[in-house]
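Peer 1: Protein sequences appear in the order of chains A and B.
Just so you know, our numbering puts 6 at position 6 of the first sequence, and the rest follows in order with no gaps.
Just so you know, our numbering puts 123 at position 123 of the second sequence, and the rest follows in order with no gaps.
Source of the hints: derived by calculation from the structure; they are not laboratory data.
Heads up, the beta-carbon is just placed ideally off N, CA and C, and yes, glycines get one too.
Be a bit skeptical, because a hint or two may be false.
[Claimed, not checked] Each computed DSBU-like pair below joins lysine-lysine, with the alpha-carbon atoms no more than 30 Å apart: (1) B:72 <-> B:7; (2) A:305 <-> B:67; (3) B:116 <-> A:305.
[Unchecked claim] Away from chain B, derived, C-beta distances all over 12 Å, residues of chain A: (4) 84; (5) 101; (6) 106; (7) 107; (8) 122; (9) 129; (10) 150; (11) 234; (12) 236; (13) 253; (14) 262; (15) 376; (16) 377.
[To be verified] Pair by pair, the computed Cβ-Cβ distance ranges are: (17) B:75 <-> A:3: 34 to 40 Å; (18) A:282 <-> B:75: 27 to 33 Å; (19) A:8 <-> B:114: 44 to 50 Å; (20) B:125 <-> A:23: 53 to 59 Å; (21) B:75 <-> A:8: 28 to 34 Å; (22) B:211 <-> A:388: 44 to 50 Å.
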Amino acid sequence: MIIPRLARRNLFRCPRRVILSMVAIVVGIGVFILGEGLVSGVTENLKVSSIESMNSHVLIRPPDYPEGIQHPVDELLEIDEEVRRVLDEETVAWTERIIFSPTAAAGPDHVRARAIGYDPVRDPEVFSRALWQVTAEKPDAEQNEVLLTTGVADLLNLSVGDTLILRVRTHLGAMNALRVSVSGIVETGFHNIDSMGILMSLSLAQRLIDADNPTHIGTRLESRDDSEPFAARISELLGDRAEVQTWQEDVQDLMGIQNIRRRALQIISAILLALAGVGMANTILMSAYERVREVGTLRSMGMTKQGVTGLFVFEGLIIGIVGSILGALWGGGLAAHWAVNPIDFGDLIDVWGEDLAFSALVYTRFSMGTVLFGVGFGIVVSMLASIFPARVAASMPPAEAVRAE
Amino acid sequence: MAVCELKHVTKSYGTGPARVDAVKDISLSIDSGEFTVFKGPSGSGKTTLLNMVGCLDTPTEGDVIVKDRSVKDLSSRALSRLRASTIGFVFQSFNLMPVLTALENVELALQLAGLKEDTREPAAKLLSEVGLEGFERRRPNQLSGGQQQRVAIARALVKHPALIIADEPTANLDTTNGAQVLDIMQALNETHGITFLFSSHDPRMIERGRRIVSLTDGVVSSDERRDSSGGAG
Ligand SMILES: Nc1ncnc2c1ncn2[C@@H]1O[C@H](COP(=O)(O)OP(=O)(O)OP(=O)(O)O)[C@@H](O)[C@H]1O
Ligand SMILES: [Mg+2]
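Take these sequences, add in the hints, and give me the full structure.
Peer 2: Structure below.
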């Protein structure tokens, strides 16, 4: 067929103009796909960070436990046999933690830290160690050893083998102090722990706060989507003896912000694409006015108005399809690349506050659905953008058109 | 048999005091096989008239009958179809599609006339008939004016139209090329009986018409037929 060939070759008559309107589409589609990948990646990061750092799938802690970086030990968890049985039966793993806020002092420096006493055997079954980077042996409770996170180690200028003093208020309110030594430096990959965390075994924590009961119980379920029914069941059992929090509840506020980000991105993409559409309409309109006589000639040869409209829309569609595909390759390519090789936001993250459960390594999420949607959207926009100029071309009176110089 | 008939055709441009009657109350019948030339000074209405005969334009008053159909009654789509099947155009400035080769330009006319396949062979055949064998793959900008106009003739002819309309087909050509184009038109008329309707300013071209219609200020001032020898009458 000659007519598609005609449309295709017409595009090469003014390649620069065509490329410019194509670039606009590439940028619009690319930004949309990449942005969606980033926002989804950050969303997933926030969820995973909540689950893997502090909250686990369902977190049990004393009633009216404060938000944020305070970790009182006045109230401890009382877990009876019944609850224990349900935990054993309905979770893949569960573990006890004592979280408290010691003051860590080394020489003249001191810092208020977040200490986590964990069960060396059971804790890794609940809280993934996949991102952990540890520079030494596990801490030995008998030897009063602790792991310092990079944040605390940097602040106190400590390295493996050094000692520091932990000052702690015990469960009953007495002051306790203990000299401990640094068995290793750890980077858990989660900002809320790495910024101010001191990790130690549960038994050392028990000695420090002078109590046996934990402050927190973390759980791992078959699937993170099971958290709500399980939380409801546990909550019913525990009544007002404890507070139960799913990871969804933990990230709820952040998800609200993420939704705003996603909406903002969609608006920006829509604006970019609208601009691309206007540029495209302009390109087609210019080429229509440059080709008045050709349009008249086609009409004289029997091409209908619809035929002329179709010819110009087809030209617009070629720009749209090629532009959208290039945009998808660019945006989707970067999204796919960063889905495997994460972007390191380590430098930025400190500004965001100490308690943000977030991993500095952000993986984008590559979604074929988003890519296809982006391409489809770009094609629709370019089609809509070329309809108006195409109709202008089609409505040129043929007798005038063939006269045109 | 009349290919085309004009009945009291008037074409006006503009309204009120700015109104121009480009063609005034012309009645005319074109028979099959005619080789008719329209002559007249610039602005006398030749192009306007030819456009109406070719169904590119519709009269303000009166009617044009092409192949027994009144254009008044036809929709824009039906007029397009009529042009596609029955009328071939040749223009003063050739009006070939610059991005298509000579062959593709001719094929395009066939495809617009509704032929889907096998357009290549008849197109190539016609190009060689107008003396352009070997030029099939050239684009218009790689052809001389005379060659372009011959492609245009092939393009008009390829769908076997009832009528070919040529508005000043030689005006952009030198004498030799103009004469050559006229030769081809005349030969096609004589051997295939194709009806030609053309206009010209050039006396040497005009004298080759077998029917000469003179227009003055939008009216027919003379309409003479001459014998087939084409000699001066
Ligand atoms: N679109 C238009 N609007 C107004 N007037 C027009 C228009 N087209 C043609 N005319 C007028 O109609 C008259 C006839 O024009 P037309 O082009 O038919 O003359 P012509 O005989 O073909 O002239 P030429 O030999 O210069 O080609 C002229 O007075 C012209 O100015
Ligand atoms: Mg004219």
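Peer 1: None of the hints should be skipped; say for each whether it holds.
Peer 2: Each hint, compared with the structure:
1. B:72 <-> B:7: holds (12 Å)
2. A:305 <-> B:67: It holds: about 22 Å lies between the C-alpha atoms, which stays within 30 Å.
3. B:116 <-> A:305: holds (19 Å)
4. 84: Consistent with the label, residue 84 (chain A) stays out of reach of chain B, its closest Cβ about 80 Å off (over 12 Å).
5. 101: holds (76 Å)
6. 106: Holds, because the least Cβ-Cβ distance between residue 106 (chain A) and chain B comes to about 79 Å, which exceeds 12 Å.
7. 107: About 81 Å separates residue 107 (chain A) from the closest Cβ of chain B, which puts it past 12 Å; holds.
8. 122: holds (74 Å)
9. 129: The claim stands: residue 129 (chain A) keeps its Cβ more than 12 Å from every Cβ of chain B (closest is about 65 Å).
10. 150: Holds: least Cβ distance 65 Å, greater than 12 Å.
11. 234: At about 72 Å from chain B, residue 234 (chain A) clears the 12 Å cut-off, so the statement holds.
12. 236: holds (73 Å)
13. 253: Holds, because the least Cβ-Cβ distance between residue 253 (chain A) and chain B comes to about 59 Å, which exceeds 12 Å.
14. 262: Fine: 44 Å to the nearest Cβ keeps residue 262 (chain A) off the interface.
15. 376: holds (29 Å)
16. 377: holds (30 Å)
17. B:75 <-> A:3: 34 to 40 Å: violated (22 Å)
18. A:282 <-> B:75: 27 to 33 Å: This hint holds: roughly 32 Å between Cβ atoms.
19. A:8 <-> B:114: 44 to 50 Å: Roughly 22 Å apart at Cβ, these two residues miss the hinted range, so it is violated.
20. B:125 <-> A:23: 53 to 59 Å: Given about 45 Å between the Cβ atoms, the range is violated.
21. B:75 <-> A:8: 28 to 34 Å: holds (30 Å)
22. B:211 <-> A:388: 44 to 50 Å: holds (46 Å)
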